[in-house]
Amino acid sequence: MVEDRRLGDAIAYIILSIGVVIVAFPVWLTFVASTWDAATIINGKLPLYPGPYLLENYNRVLFIGTSGTTREPVLGMMLNSFIMAMAIALGKIFISVLSAYAIVYYRFPFRMAAFWIIFITLMLPVEVRIFPTFKIVSDLRMLDTYQGLALPLIASATGTLLFRQFFMTIPDELLEASRIDAAGPFRFFKDTVIPLSITTIAALFVIQFIYGWNQYLWPLLVTTKDSMQTIVIAIKKMIVTSDALTEWQLAMATAMLAMLPPVFVVIAMQRLFVKGLVETEK
Amino acid sequence: MAQVTLTNVKKIYAGGVEAVKGVSFDIPDGGFCVLVGPSGCGKSTLLRMVAGLETISAGEVSIGNRVVNQIGPAERDIAMVFQNYALYPHMSVYDNMAYGLRNLGTPKDEIDKRVKEAARILAIEALLDRRPKQLSGGQRQRVAMGRAIVRKPQVFLFDEPLSNLDAKLRVQMRVEIKKLQRSLGVTAIYVTHDQVEAMTLSDKLVVMNGGQVEQIGLPAEVYKKPASKFVATFIGSPPMNILPGTIDGPGIVALGDAILEARDVRQDLPAQSPVEVGLRPEDVEIASEGAAGSLPFDVEFIEELGATQLFHGQLAGLPFVMQAATDEISAHPGRIWITVDPDRVHVFDVKTGARLGRG
Ligand SMILES: Nc1ncnc2c1ncn2[C@@H]1O[C@H](COP(=O)(O)OP(=O)(O)OP(=O)(O)O)[C@@H](O)[C@H]1O
Ligand SMILES: [Mg+2]
Numbered sequence: 001m002v003e004d005r006r007l008g009d010a011i012a013y014i015i016l017s018i019g020v021v022i023v024a025f026p027v028w029l030t031f032v033a034s035t036w037d038a039a040t041i042i043n044g045k046l047p048l049y050p051g052p053y054l055l056e057n058y059n060r061v062l063f064i065g066t067s068g069t070t071r072e073p074v075l076g077m078m079l080n081s082f083i084m085a086m087a088i089a090l091g092k093i094f095i096s097v098l099s100a101y102a103i104v105y106y107r108f109p110f111r112m113a114a115f116w117i118i119f120i121t122l123m124l125p126v127e128v129r130i131f132p133t134f135k136i137v138s139d140l141r142m143l144d145t146y147q148g149l150a151l152p153l154i155a156s157a158t159g160t161l162l163f164r165q166f167f168m169t170i171p172d173e174l175l176e177a178s179r180i181d182a183a184g185p186f187r188f189f190k191d192t193v194i195p196l197s198i199t200t201i202a203a204l205f206v207i208q209f210i211y212g213w214n215q216y217l218w219p220l221l222v223t224t225k226d227s228m229q230t231i232v233i234a235i236k237k238m239i240v241t242s243d244a245l246t247e248w249q250l251a252m253a254t255a256m257l258a259m260l261p262p263v264f265v266v267i268a269m270q271r272l273f274v275k276g277l278v279e280t281e282k
Numbered sequence: 001m002a003q004v005t006l007t008n009v010k011k012i013y014a015g016g017v018e019a020v021k022g023v024s025f026d027i028p029d030g031g032f033c034v035l036v037g038p039s040g041c042g043k044s045t046l047l048r049m050v051a052g053l054e055t056i057s058a059g060e061v062s063i064g065n066r067v068v069n070q071i072g073p074a075e076r077d078i079a080m081v082f083q084n085y086a087l088y089p090h091m092s093v094y095d096n097m098a099y100g101l102r103n104l105g106t107p108k109d110e111i112d113k114r115v116k117e118a119a120r121i122l123a124i125e126a127l128l129d130r131r132p133k134q135l136s137g138g139q140r141q142r143v144a145m146g147r148a149i150v151r152k153p154q155v156f157l158f159d160e161p162l163s164n165l166d167a168k169l170r171v172q173m174r175v176e177i178k179k180l181q182r183s184l185g186v187t188a189i190y191v192t193h194d195q196v197e198a199m200t201l202s203d204k205l206v207v208m209n210g211g212q213v214e215q216i217g218l219p220a221e222v223y224k225k226p227a228s229k230f231v232a233t234f235i236g237s238p239p240m241n242i243l244p245g246t247i248d249g250p251g252i253v254a255l256g257d258a259i260l261e262a263r264d265v266r267q268d269l270p271a272q273s274p275v276e277v278g279l280r281p282e283d284v285e286i287a288s289e290g291a292a293g294s295l296p297f298d299v300e301f302i303e304e305l306g307a308t309q310l311f312h313g314q315l316a317g318l319p320f321v322m323q324a325a326t327d328e329i330s331a332h333p334g335r336i337w338i339t340v341d342p343d344r345v346h347v348f349d350v351k352t353g354a355r356l357g358r359g
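Listed in order, the protein sequences are those of chains U and X. Letter by letter, the first sequence follows residues 1 to 282 of UniProt numbering. Letter by letter, the second sequence follows residues 1 to 359 of UniProt numbering.
Don't take every hint at face value.
[Unchecked claim] Derived contacts from chain X toward chain U, CB cut-off under 7 Å, selection only:
#, residue
1, P73
2, Y99
3, G100
The set of hints was computed from the structure by calculation and includes no laboratory data. Predicted, not measured: the structure shown is a model, and the values here were computed from it. For each residue, glycine too, the CB sits at the ideal point set by N, CA and C.
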C-alpha cells in the first residue's frame, strides 16, 4: 500500500509539473524576449535565459513609447486600463449589490419582472449590442472618455445574480433581529448585509477587474486618441503584420507589464477570494 | 414594564392560511405567559404579531395601554430571543448586545455600563470579544438573552429559545430564565411546545390548537381541570388515558362492566349518554383485589423510569397506562386492581371534546 501511494504521488507530481511547465513556459519566454535586443530576436536565436537589456527595454516602453506604432508611453496606457478596470469592477459591484438588495428585501410592484429584465441582459453582452451601444455613447459625446469606456461594460446581470443568490441565504431572523434592534433598511444593509457579503464582493471584484482589464473590442471602438488607449490595444498595435517591423522586445515587455496588475489583484485578494467562492461565514 | 392585551387577534397569511383565528387574553405587568401547543398551531405567528414582525390581520394588540398595531418592532419596546438566536455573525458578543442601543442613540458610557451589567448577570464577561461562531450553543443562548436584557424592554418575547440545547442545559437555562425574569420584573411571552417548560415557567398558561385558544389559566389549573380532551391529552406526561364510557347516574360513569365515581361531572346528563372518561396515569392507585369501586387492569409490560414505573396493559379491553412509584407494587405482568380518586376523574363530551364539569 505504502509503495502504491508513493508511486501514485510521484505520478501526480510529474503530471502537475508538466502542467506547470506547459503553462509557465510561454510566460518565461515572453519575459526572456523582453530582456534582449531586437537583433537577437529577429535572427531567431533567442536564448532561454534573460539577456542584458531588461532595464533599457522596460524604461523605453514605460516612459518613452515605441518608435512607430503606439507613440504614447505604456505607463499612461496602464493607467487608462487601470482606471477602466477599476471603474468596471467597482461600478458593477455597486449597482449589483444595490439591485440585488432591492430585489431580495423589498416588495414592490413588478419586482419579479424587474428581476427577469435584469436576468435577460445576461444574454446581451456588449459584443451583441455593440452598434446601438456605440451610437448611444457617441451621441452622449462620451467617445474618448473614461465614462465611455466603462459605463457600457458596467451594465450586466452577473453581479446582481450572484448577490441575489447570496442574500437569499442570509437567515430571515437576522433581518428580524435588526428590525427589533431599530436598524432601518439602510442600517441593515450597511451593518449586516455588506459585512456578510465581503468575501463575495472580493470574489466579484477579482473577476470583474480582470474582465475589465482584458477588454479589447470595446476600447478599440470608443477610443481614437492615443492618450486614451488601453494596454491591451497597445500590444495588438505593436505586433505589426510585417514581422520585421515589430519591435518584439518592446511588445513582450508590454505584455509582461499587462500581466502584472491582474496578478497583483489576485494575490492581494486571494485569501478573501477563495473563501468567498467556497464558504460563507454565517 | 407593561401589561399586554390581545383582543380578538387574527392572522390570515397572503396565501389564505388562517394561522390565528381570533385570540384574546391579557398578561398582567410582570407576568410570565407561556403559549403552548402542537406544531403549526400558530404560536410563533401570534408572538411575531406582538413583536411587530408580522402584520395583524384583525383585532388589536396593546402593550402598556398603547395600541401597537401600526407601530414598528423597534418602537414597541420589546426584545425577542429567537430559536436559532439570530446573533449577528460578523459582530463580537459585545457589539451584538450593543447594536440595538447604538441604533437608538444611547450614549456610549451608558451602553458600556448596560452591556457589562448584562454580561455579569449572564456570566459571559469573558466572552465579550468573541464572535458567535466561537461560542457553544449554551453561550450563544446567553448572548441572545443578553441582547434582550440590555434593551431594558417592556416585554420579553421568546420563541422556543431552548429547543436547540441539550436536555441538561435546557433545564438549567429554564431555571435561569425564570429567575432573570423575576428579578427584572419584565413581562414575558414565551412560546414552546415542551410542556415541562410550559408548566414550570408560566404563571399564565395559554394552550393553543389550530389557531385557537383551548384554555387559559394557571398551570396547576390547566393540569387539574383541563377544559377539553385536547388540553387533557396535551398537558401531562405520559398523556392522560381516554376511555369511552357512559353516564350511569348522577356522578357515576360506567367503563364497560366497571363503575367509577366522578365528582366533577355535570349532574344533569341523561343516563346512558356516551362520554369520554379521562384518567391520568399518575392518578391511578392500587386497590386490593375485588375491592368496591375497583377496576381490573391487565398489565402487559412495564417501563422503568427510575423513580417511577409505567405499567402498560388493558383496562376493560382498551389500552391503558398507569404510573406508580418504583417498588410500590411487584412489577410483573398479570391482573391487578386499581381505583381513581373521584375528584380526579375527568369527563368529556364525545362530540366536542369539552369538559363536562360542574361549572
Ligand atoms: N409566512 C407564512 N405564509 C403562509 N403561512 C404561514 C406562514 N408562516 C406560517 N404559516 C402557517 O401558519 C400556521 C402557524 O404557523 P406557526 O409558525 O405560527 O406555527 P407554530 O405554532 O409556531 O409551530 P412550531 O411549533 O412548529 O413552530 C402553520 O400552518 C404555517 O404553515
Ligand atoms: Mg414556531
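Practice task
Grab the minimum C-beta distance from P73 of chain X to chain U and call the hint holds if it beats 7 Å, violated otherwise.
Solution key: With a closest approach of 5 Å, the P73 of chain X hint holds.
Handout entry: Hint check, Y99 of chain X versus chain U [nearest Cβ-Cβ separation less than 7 Å]
Key = holds, 5 Å
Handout entry: Interface hint compliance - G100 of chain X to chain U, C-beta minimum distance less than 7 Å
Key = holds, 3 Å
Going down the numbered hints, you'll see the structure goes against none, and every one checks out.
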